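Undergrad: Line by line, the protein sequences are chains A and B.
Numbering of the first sequence is given in our numbering, commencing with residue 1 and proceeding in unit increments.
Numbering of the second sequence is given in our numbering, commencing with residue 114 and proceeding in unit increments.
In the DSS-like style, the derived pairs of lysine-lysine whose C-alpha atoms are separated by at most 25 Å in a straight line are:
no. : chain 1 : residue 1 : chain 2 : residue 2
1   : B       : K218      : B       : K129
2   : B       : K129      : B       : K217
3   : A       : K35       : B       : K352
4   : A       : K35       : B       : K218
5   : A       : K35       : B       : K217
To be clear, the hints were calculated from the coordinates, so they are not data collected in a lab.
Quick caveat, the model's predicted, so the values are computed rather than measured.
Chain residues, written in single-letter form:
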Amino acid sequence: MMFDGYWTYIVIAVAGFLATDIWRWLGVIAGHRLKEDSETLYWVRAVATALVMAVTAKLIVFPTGTLALSPLWLRLAAAGIGFAVFLLTGKRVAIGVLTPIAILVAGLLLLQP
Amino acid sequence: MTTESSERSGLAWFLKGMRGIFSLPALILMTSYVGFSAFAVEAGLTRGQAVAMTLGIWALPAQMILVGSMLGGANIAASFLAVTLSSIRMMPMVASIMPEMRTKKTPLPVLLFLSHFIAITSWVFASHNLRHVPRERRVAFFAGFGITLTCTNALIVGVSFGVVSQFPPVVAGALFMLTPVYFISSIWASAAQPVVRIAFVIGIVLGPALALVAPQFDVLLAGIGGGTVAYLIDRYRRKRGSDRGAA
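Work out the full structure: start from the sequences and follow the hints.
TA: Now the structure itself:
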């Protein structure tokens, strides 16, 4: 299937660029009035963090692509044990990334038929 | 003289931001964009269209959603709606780093332009690094990182288009897992305030839970609802702390 040339670029500009950047521009306008260490900024930070973590957790629990074929318990164990190791070893991001990946890869290789 | 040296210093910070491209998060994102390029080939996009999407949207989930809705034959209005609903999160993300990034003199058009380069990876990068940069250099520093990251990934999409078709399943699985585990450890590590850690835990639990109940609005509900609860818990905690301090 091929998409028609110039119309696809219009779709990308309107349904892609505009649909996304409207929210970025509104964020600039809203953020422009926020003062550092104001109560509103605390709330905005909390909302932004909760949003990003909701997206993140969904990537693990409801993945798309190849990862969807792996068992949920393996993904949860990899992320959970990885985070625990990260907390216990002085919160180094490299450890927080490599530990769960190592557990996942080991699990995937062991479960292979 | 003074202007010249401060200009040079602005450029120096821009270059320093550019160097962020050689960091773990940037590398993880690049592998994700190789994955997007393969997905675009499979979907029947041209190389130019895949690159235009990367430059124009600059948000991987929104790009996947747009390709998906185009594949499903949705019209432009339906595609707009699907993409815009997934992008509402950009607003609080951008708003939360603006007070840290700008000075009183930063022109609004500059901030509007730079906001285009804010997506999850650069948001995490900004929350992690901006506080270590002198305030009047933060815009230059972020511009260096953000613009470089976007252009490099657009280049990667163009170059790997049709070259990398599929990874072996175990490698593909590990690549998909890199993004979420990176966000988990880096956001926790850069959380300077307790309110961020409270929101972190609530968001992680509410995201998948609400996906089962209200799949269309799960992220939005988890963000606004969960974020507000986190804020209230933190406020109660701070108030109690200051009361005890007074007594």
